[in-house]
Structure formats: structure tokens, C-alpha cells
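Just add 27 to the spot in the sequence shown (first one is 1) and you have the numbering used here.
These are calculated hints, taken from the structure and not from any lab test. Nothing here was measured: the structure is a model prediction, and the numbers come from that model. A hint or two may mislead.
[To be verified] Label pairs and their calculated CB-CB ranges: (1) S36 - S142: 41 to 49 angstroms; (2) F143 - R35: 33 to 41 angstroms; (3) K194 - G69: 31 to 39 angstroms; (4) I66 - K37: 16 to 24 angstroms; (5) K194 - I66: 35 to 43 angstroms; (6) G119 - E84: 28 to 36 angstroms; (7) M28 - K194: 29 to 37 angstroms; (8) Q88 - T120: 17 to 25 angstroms.
[Said to hold, decoys possible] Keeping only pairs whose Cα atoms sit at most 20 angstroms apart, straight-line, the calculated DMTMM-like set for lysine to aspartate or glutamate is: (9) K76 - E65; (10) K76 - E107; (11) K194 - D91; (12) K37 - E65; (13) K76 - D91; (14) K72 - E107; (15) K194 - E158; (16) K72 - E103; (17) K72 - D161; (18) K72 - E84; (19) K194 - D161; (20) K194 - E84; (21) K37 - E107; (22) K76 - D99.
Glycine included, C-beta positions come from ideal geometry on N, C-alpha and C.
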Amino acid sequence: MALLAVLRSKSRPSSILLCSTVHLFFYIYLFFGWERTEIQIGQLKRIDKAMTIRAAEYSAQGCDVGCTFTGDLNAEYQGETVSYVRCSMANGTLRSAYEIFYETHPSHVTAISASFRGTIDYVWYDSRAFEVADIVETVKGGHRMRLPSPQFPSDHVPVICTLVARKMVF
């Protein structure tokens with residue numbers, strides 16, 4: 028499942044923001060012993076193609092175009108799926124908002140369940156158009172947030188950051 032939204036600035040109509048979010052295929056390696064990263068990468072290629080086509084269309088019209096890519100990749104940071112996003116999507120210009128944070132906080136997690144604790148949810152941004160101004164920590168001192176719980180039965184915790192536009196005006 029994926030969504031691509033095109034946002035245009037009211038104050039400067041030549042500023043375009045492409046926002047894409049995704050929930051990639053989940054494979055159950057622990058239970059069945061099979062990994063299907065090729066399915067995830069195939070999904071990413073389709074999203075990337077759609078973003079690339081839209082970005083080229085708006086750039087040809089003289090617009091400043093930036094993009095964000097967020098979602099549940101169902102893949103850990105060191106894996107092939109995340110490597111594909113980092114190296115190939117948006118011509119290799121996407122950066123993880125939490126990249127520096129991951130290096131200094133290896134216990135950072137975005138998903139917690141009885142059998143898994145790790146990072147599978149991400150915020151990526153076009154490093155040519157944005158910079159990270161602030162990051163909300165989801166794990167402090169190795170302790171998880173109070174999610175999931177009987178009142179909030181989710182296996183994911185929020186991934187939140189503030190991006191500042193370098194050349195675009197919104």
C-alpha cells in the first residue's frame with residue numbers, strides 16, 4: 028500500500044512537495060524461514076518511479092521540487108530494503124531523518140512486539156531540499172514508551188521529526 032500526495036505552496040506556487048508514504052510487504056522469516064526483500068524492493072521501485080515522473084514534470088515547469096518518503100518498511104536499518112531507499116530512490120538524494128540518531132542511539136526502536144524489538148519505520152527526506160531541525164525520541168535510556176498497551180494496542184511507536192526547507196517556501 029502506498030500514497031503519493033502533491034502539495035503546492037499557496038504563497039509560492041512554484042514550490043512543490045511530493046509526500047509519499049508506504050506500508051511494505053511483511054515477510055515472516057522467523058516462522059517460515061523465507062525472506063522476500065525482492066518484493067519490498069519491487070514495491071519501492073514502483074513508488075520511486077511515480078515520484079520521479081512527478082518530480083520531472085514539475086521541474087520541467089520551472090518548479091522547485093522536494094520530496095519526503097515515510098512509512099513502515101518492515102525492514103531493519105542495515106538490510107537490503109533500507110539500503111535500496113538510501114542508495115537508489117530519488118536518485119540517491121533521500122536521507123533518513125534518524126540517521127545520525129541511529130548512530131548515537133542504537134537502542135532506538137519503532138516497533139515492539141512479543142517477538143521483535145527494532146527499527147522498521149522511517150522518515151526519509153530529500154537532502155537537497157530539506158534539513159532536519161528536530162527529532163522526537165521514541166526510546167529514552169533503553170526504555171520503551173508505554174506502547175503497546177491494552178489501551179493502545181499498536182506494535183509501532185511514532186517517528187516524528189521537524190524538517191526545514193532549504194530553498195522552498197511553504
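Quick rundown of the hints versus the structure:
1. S36 - S142: 41 to 49 angstroms: holds, 44 angstroms
2. F143 - R35: 33 to 41 angstroms: 39 angstroms Cβ-Cβ, so the 33 to 41 angstroms window holds.
3. K194 - G69: 31 to 39 angstroms: holds, 33 angstroms
4. I66 - K37: 16 to 24 angstroms: violated, 39 angstroms
5. K194 - I66: 35 to 43 angstroms: holds, 36 angstroms
6. G119 - E84: 28 to 36 angstroms: With Cβ atoms ~20 angstroms apart, the hint is violated.
7. M28 - K194: 29 to 37 angstroms: Holds - the Cβ-Cβ distance for M28 and K194, about 31 angstroms, lies within 29 to 37 angstroms.
8. Q88 - T120: 17 to 25 angstroms: holds, 20 angstroms
9. K76 - E65: holds, 16 angstroms
10. K76 - E107: Roughly 19 angstroms between the alpha carbons, so the hint for K76 and E107 holds.
11. K194 - D91: holds, 8 angstroms
12. K37 - E65: Outside the cut-off at roughly 40 angstroms; violated.
13. K76 - D91: Since the Cα atoms of K76 and D91 sit roughly 19 angstroms apart, the hinted pair holds (cutoff 20 angstroms).
14. K72 - E107: holds, 13 angstroms
15. K194 - E158: Holds. K194 to E158 sits at ~11 angstroms (cutoff 20 angstroms).
16. K72 - E103: The hint holds at about 18 angstroms.
17. K72 - D161: Violated: K72 and D161 sit about 29 angstroms apart, past 20 angstroms.
18. K72 - E84: With a Cα-Cα distance of about 18 angstroms, the restraint between K72 and E84 holds, given a limit of 20 angstroms.
19. K194 - D161: holds, 18 angstroms
20. K194 - E84: Given that 20 angstroms is the threshold and the Cα spacing comes to 19 angstroms, the pair holds.
21. K37 - E107: This hinted pair is violated, its Cα atoms lying about 39 angstroms apart.
22. K76 - D99: Roughly 19 angstroms between the alpha carbons, so the hint for K76 and D99 holds.
When held up to the earlier numbered hints, the structure conflicts with 4, 6, 12, 17 and 21 and fits the remainder.
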